[in-house]
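A.B. asks: The chain contents come next:
Protein chains: 4
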Amino acid sequence: MEALVYNGPGKRAWESVPDPTLKVPTDAIVRIDTATICGTDLHILKGDVPTVTPGTILGHEAVGTIEEVGSAVTSFVPGDRVLISCITSCGRCRFCKEARYGLCTGGGGWILGHLIDGVQAEYARIPFVDTSAYKVPELLTDEQVLFLADILPTSFEVGVLNGRVKPGDVVAIVGAGPIGLAAVLTAKLFTPAKIVVLDVADKRLELAKSFGADVTINNGTEDAVARIMELTGGLGADVAIEAVGVPATFELCTELVRPGGTVANVGVHGHPVTLHLEKLWIRGVTMTTGLVDTFSTPTLLKLIAQGRLDGTSFTTHRFKLSEAMDAYDVFGAAAETNALKVVLEGEKTQLKAKEELAGAVA
Amino acid sequence: MEALVYNGPGKRAWESVPDPTLKVPTDAIVRIDTATICGTDLHILKGDVPTVTPGTILGHEAVGTIEEVGSAVTSFVPGDRVLISCITSCGRCRFCKEARYGLCTGGGGWILGHLIDGVQAEYARIPFVDTSAYKVPELLTDEQVLFLADILPTSFEVGVLNGRVKPGDVVAIVGAGPIGLAAVLTAKLFTPAKIVVLDVADKRLELAKSFGADVTINNGTEDAVARIMELTGGLGADVAIEAVGVPATFELCTELVRPGGTVANVGVHGHPVTLHLEKLWIRGVTMTTGLVDTFSTPTLLKLIAQGRLDGTSFTTHRFKLSEAMDAYDVFGAAAETNALKVVLEGEKTQLKAKEELAGAVA
Amino acid sequence: MEALVYNGPGKRAWESVPDPTLKVPTDAIVRIDTATICGTDLHILKGDVPTVTPGTILGHEAVGTIEEVGSAVTSFVPGDRVLISCITSCGRCRFCKEARYGLCTGGGGWILGHLIDGVQAEYARIPFVDTSAYKVPELLTDEQVLFLADILPTSFEVGVLNGRVKPGDVVAIVGAGPIGLAAVLTAKLFTPAKIVVLDVADKRLELAKSFGADVTINNGTEDAVARIMELTGGLGADVAIEAVGVPATFELCTELVRPGGTVANVGVHGHPVTLHLEKLWIRGVTMTTGLVDTFSTPTLLKLIAQGRLDGTSFTTHRFKLSEAMDAYDVFGAAAETNALKVVLEGEKTQLKAKEELAGAVA
Amino acid sequence: MEALVYNGPGKRAWESVPDPTLKVPTDAIVRIDTATICGTDLHILKGDVPTVTPGTILGHEAVGTIEEVGSAVTSFVPGDRVLISCITSCGRCRFCKEARYGLCTGGGGWILGHLIDGVQAEYARIPFVDTSAYKVPELLTDEQVLFLADILPTSFEVGVLNGRVKPGDVVAIVGAGPIGLAAVLTAKLFTPAKIVVLDVADKRLELAKSFGADVTINNGTEDAVARIMELTGGLGADVAIEAVGVPATFELCTELVRPGGTVANVGVHGHPVTLHLEKLWIRGVTMTTGLVDTFSTPTLLKLIAQGRLDGTSFTTHRFKLSEAMDAYDVFGAAAETNALKVVLEGEKTQLKAKEELAGAVA
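Residue numbers (our numbering), protein chains in the order written: chain A, 1 to 362; chain B, 1 to 362; chain C, 1 to 362; chain D, 1 to 362.
Some hints here could point you the wrong way.
Heads up, the list lumps identical chains together, so a pair's fine if it works in one copy or across two of them.
What the hints assert, rightly or not - DSS-like cross-link-like pairs, simulated, lysine-lysine; straight-line CA separation at most 25 Å:
| hint | residue 1 | residue 2 |
| --- | --- | --- |
| 1 | 135 | 166 |
| 2 | 279 | 135 |
| 3 | 320 | 135 |
| 4 | 279 | 46 |
| 5 | 166 | 302 |
| 6 | 302 | 279 |
| 7 | 194 | 166 |
| 8 | 135 | 194 |
Since the hints were derived computationally from the structure, they do not count as laboratory data. In this text the structure is predicted, and so the values were computed from the model without any measurement.
Put together the whole structure using the sequences plus the hints.
C.D. replies: See the structure below:
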């Protein structure tokens with residue numbers, strides 16, 4: 001088969017690789033119908049994630065079709081359409097039993113496109129498929145559920161739930177990239193009074209409004225803390241969600257949060273930050289970090305099925321899976337291309353889309 | 001002044017009574033601008049609430065203007081517009097300190113129009129005003145906040161919060177009167193997947209749809225449990241909210257709730273019910289009861305101020321405060337008049353309404 | 001092998017049966033070293049549990065040694081000493097993923113000695129062993145962990161945790177059988193101010209004191225509600241745990257709980273109860289039911305390993321596994337024999353005990 | 001009267017000052033019977049708390065007797081023995097209504113011996129006495145409840161509850177001063193599996209053992225992180241409580257906590273710390289800060305009354321109130337004197353002690 005392979009820092013190729021095969025009875029082989037690229041994939045390509053060895057197929061977000069299952073698999077049969085999530089859960093370790101799959105110590109966690117071959121490929125081996133994949137309801141398209149593979153549960157769990165967003169809250173979300181925008185979408189599930197989005201790019205702030213932000217602040221040109229204080233009677237935001245991953249934005253979150261409030265960090269950080277405990281010790285602030293666990297995926301799936309949540313607006317570009325190299329070019333140059341999420345469509349998906357088009361024409 | 005006085009079972013009158021005066025330093029005197037009538041007032045008139053002594057002014061839901069405050073009052077000054085809530089909180093007892101004001105043992109709880117004179121009057125004495133009244137934001141009309149006096153926090157706290165409604169849930173609400181409809185409005189704050197409303201009157205079910213019900217079931221003519229099972233893959237509703245107050249509807253709630261789900265009772269019951277523990281002991285069901293505490297009133301107020309919650313659709317009829325006797329007639333015959341909530345407007349409110357009309361015309 | 005077989009109502013036998021074998025890759029075969037009998041086994045023998053078909057081996061509580069594992073098993077190897085729990089978890093269904101294994105819809109839940117052969121036998125097939133058994137720390141004896149198979153997590157989860165016992169609470173436990181006594185032991189983990197145990201047998205109340213009850217009340221001869229009110233300043237108990245399973249004791253719980261308190265039902269009920277909602281609707285009471293999920297077993301295991309919890313005092317009688325018929329006689333006549341829990345020891349356990357004795361003597 | 005007055009950095013005196021008088025109807029005047037000195041008082045004397053103006057009477061921890069109450073006071077009458085807490089609650093603001101009294105915006109919070117005159121005096125004016133003082137049960141001595149004024153609820157709320165200590169946890173407490181030791185005492189209320197105390201002074205570590213630490217580590221001479229990892233199978237502590245207030249100990253806490261664990265900061269910090277988000281972002285760690293709210297004081301009082309919690313072992317030295325200057329000398333030189341808490345006894349207390357002694361002798 002063909003797949004997008006990481007060949008060391010700065011090197012990627014769409015190339016021929018051996019087909020995946022079942023290794024243990026809990027595996028499945030899945031044909032990839034629809035996939036997407038994550039900001040993390042770009043980090044890997046820069047060489048920022050040394051745990052990825054050259055030769056690894058990238059990708060941890062996909063929708064596909066079960067081709068073959070191991071002898072211990074009970075939840076899926078060939079032909080089932082499934083969501084493949086960024087997190088694999090062994091289902092057996094202490095952390096999986098506490099629904100903290102991101103911390104799995106039994107061979108799961110974030111492994112796809114990281115420690116083992118990923119899903120930007122024609123086929124993929126999916127370990128622990130019983131506890132790691134989700135059947136897709138018939139009425140939903142691949143693309144409707146695709147962003148459940150990572151950004152939606154990430155922003156919901158690590159941002160909104162860790163932040164304990166409640167009805168009536170003022171929620172400040174710092175960063176209006178895909179993760180920040182997914183935080184806007186999923187924060188709305190708890191009906192905050194106001195969602196305030198901060199970013200340094202006005203174009204992203206406009207986008208944030210279209211996703212549901214009530215107020216936007218350009219923290220490159222405005223005094224963000226002053227604006228938040230003005231909006232909250234001098235108190236600060238109830239919840240601040242960090243969705244960038246640099247020291248300045250984390251520190252901004254700790255400044256604009258109210259006494260007794262919560263700072264939920266979602267951003268991936270490469271450097272230490274300065275924590276002003278000399279001010280914060282008395283303010284009753286809670287700060288959280290975390291990788292997504294994906295325990296909320298079934299809930300978000302129900303909301304999508306009922307039309308309560310719609311992630312399709314993340315898609316800005318579509319490519320054939322075999323055009324993955326072009327897709328990376330476009331996604332990697334988001335500042336110019338305005339790419340949010342690019343969708344890669346396998347052959348089956350393209351075929352189906354053509355048939356539907358034909359049907360609609362007829 | 002004049003007031004609506006309970007003169008014993010079946011007897012009410014709009015009559016002259018002495019003006020209220022400050023009794024203790026934590027009291028305030030409030031001029032009533034807008035009030036409403038509760039189903040509980042009808043129960044009192046039937047003689048069902050023997051703790052109400054003849055001669056008591058009825059009413060526990062109003063918006064008014066502070067006229068005078070006691071020497072210990074720090075939160076309000078004359079002229080402040082305030083929401084008067086059904087629950088009075090002493091702010092000092094163990095239960096008030098736990099935000100369970102409905103259980104107040106320090107002289108509060110439900111006392112207005114019950115143990116002391118209420119608010120269906122030109123003026124009222126409001127005890128513990130610092131901890132029991134809420135300043136009304138300038139931009140909001142009396143009527144926009146009036147239903148925060150009882151039904152909105154009641155349905156939110158005792159129904160939705162006790163029921164632990166979560167995003168993605170199927171919520172079944174049994175009873176489509178004002179309390180059931182307020183449960184529909186406030187359940188939506190948590191974005192359930194589906195709100196199902198059950199009632200025996202089709203007219204009420206139509207109304208429920210306009211308030212936001214996704215599915216309605218006439219449990220007089222349909223097999224309600226079968227319908228719920230069909231909607232939930234045979235599992236049952238995640239949350240069942242009882243908003244009627246008779247044995248049959250409570251028992252229905254325990255039948256249609258899923259294993260591990262919650263039955264939140266909001267209805268006022270006059271009779272024991274049969275609890276089928278021989279079936280329920282193994283099903284992991286939580287059942288809750290309670291009077292409203294009103295701890296959520298500030299939250300709901302913020303949501304109203306931000307346009308996230310709108311209770312004005314409860315109003316079906318408007319009267320002058322001095323026409324309170326007619327208002328009771330209409331409200332008491334809801335089956336014929338289709339009354340949901342009737343609004344009583346004091347003179348100031350009427351005056352203001354006229355001025356605004358004049359302004360609009362000019 | 002030989003096993004204790006249910007041969008229809010009133011009929012049990014220790015008889016020869018075929019050895020169990022692996023059926024699916026997630027199974028294990030376990031040699032039973034130590035087992036015990038549950039009150040539920042007596043119910044089955046009375047014919048009260050029609051889902052048990054004649055020919056079924058009884059028993060759902062044991063400690064044993066892994067003999068053989070299926071090809072998908074990753075957590076255990078032959079020779080591992082394991083706790084076999086009353087609840088089997090498939091690890092894959094929605095309820096298992098929420099740690100509600102008792103509600104498992106994937107083939108687990110309470111199945112051992114119920115829907116499939118149990119553990120009062122020389123060997124047993126344990127399905128889903130990866131997610132249903134627990135490795136026993138080397139330093140602990142079988143008997144130290146044996147009661148983790150059912151009564152300790154049952155009373156902890158369904159009584160203490162559902163009841164939300166907190167430091168400083170007054171906890172009333174109705175029923176001083178094994179389940180009630182296990183509730184005493186595990187309630188102490190949260191340092192309530194007072195544990196009050198109620199029973200109709202003075203002998204059991206004495207026992208309750210030795211397990212840690214601060215106050216005991218004979219509710220057959222004393223006015224239990226009056227005593228509780230006296231102990232709580234007229235308020236009632238913060239938490240009432242029902243550990244009997246008859247209507248009178250459940251109703252007693254609802255009378256002695258304070259406003260805002262919790263009634264946690266642990267008892268297995270055969271009949272409906274009368275719920276006095278006409279009094280309870282306003283009292284803010286939470287009532288819970290449930291089968292154990294065993295999610296707390298690892299926590300309780302740690303506490304036993306650290307000497308913070310000791311269940312060995314439940315053992316009143318010890319038998320060889322092959323004397324299971326005698327053990328049932330003794331356990332079934334608890335009123336005369338004062339049996340709490342009877343321990344059945346397989347050959348290996350007896351051998352080891354003898355060696356230790358020899359060692360101690362030498 | 002006489003009182004301990006702060007006269008600017010480095011200057012304190014036991015001197016004559018005017019008697020306090022009622023200022024508003026919610027005030028009380030309290031005769032101080034027993035008081036103590038806090039580490040914070042030493043900070044004030046160093047000039048580290050510039051919000052304290054010269055001339056202020058110090059002290060925020062006492063037990064006394066109500067002398068006089070304002071006209072709005074309903075909970076106390078002259079003669080009542082009361083605990084005076086470090087936190088004053090107006091009972092009316094948003095934060096007080098959420099039981100976050102430490103964040104009170106209505107004139108309370110930490111004000112005694114800070115923004116207004118404190119309790120190291122013969123008499124003190126106690127604002128908002130209804131919501132800020134606690135009646136002392138007759139059977140308890142002043143000293144049994146004295147440490148409820150600050151250190152016990154501080155360590156319980158800001159350390160143990162913020163840290164979400166649960167049965168079976170490994171809790172690491174960094175710092176074995178009064179706050180760290182109070183964390184040991186109150187962590188035990190939740191029966192952790194192991195309490196590990198870290199300090200650089202062996203003498204304090206010995207003390208920690210006597211308070212209930214299971215393991216002690218001298219983090220000046222041992223590799224603390226390695227020791228913790230060894231104790232926890234390489235995972236880290238479930239909860240780390242910072243009870244020192246310097247950057248190194250906070251950073252240590254973030255290193256020794258397990259993935260998914262909690263760092264609860266109790267220490268008062270004067271400098272920023274470095275937060276290694278480049279490691280922590282993925283570890284699912286929660287970090288909390290806060291001043292005590294004292295919402296747990298009634299709970300801790302119940303536990304003391306029942307003999308479940310005993311704070312009297314904090315007392316290392318006793319003085320007459322009029323010897324407050326000597327008491328400061330001893331408390332300020334804790335490294336030499338081994339002072340933990342010094343008790344100041346007013347005249348009445350001394351008189352009573354003499355009488356009791358006489359009674360005992362007779």
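A.B. asks: Confirm or reject each hint.
C.D. replies: We went through each hint and held it up to the structure:
1. 135 x 166: For residue 135 and residue 166, only the inter-copy Cα distance (22 Å) is at most 25 Å; the intra-copy one is 30 Å.
2. 279 x 135: The answer is neither: 48 Å in one copy and 32 Å across copies each exceed 25 Å.
3. 320 x 135: within (23 Å within a copy, 49 Å between copies)
4. 279 x 46: between (37 Å within a copy, 19 Å between copies)
5. 166 x 302: both (20 Å within a copy, 12 Å between copies)
6. 302 x 279: Close neither inside one copy (42 Å) nor across copies (28 Å); limit 25 Å.
7. 194 x 166: both (11 Å within a copy, 20 Å between copies)
8. 135 x 194: For residue 135 and residue 194, only the inter-copy Cα distance (20 Å) is at most 25 Å; the intra-copy one is 34 Å.
Comparing the model with each numbered hint stated earlier shows that hints 2, 6 do not hold.
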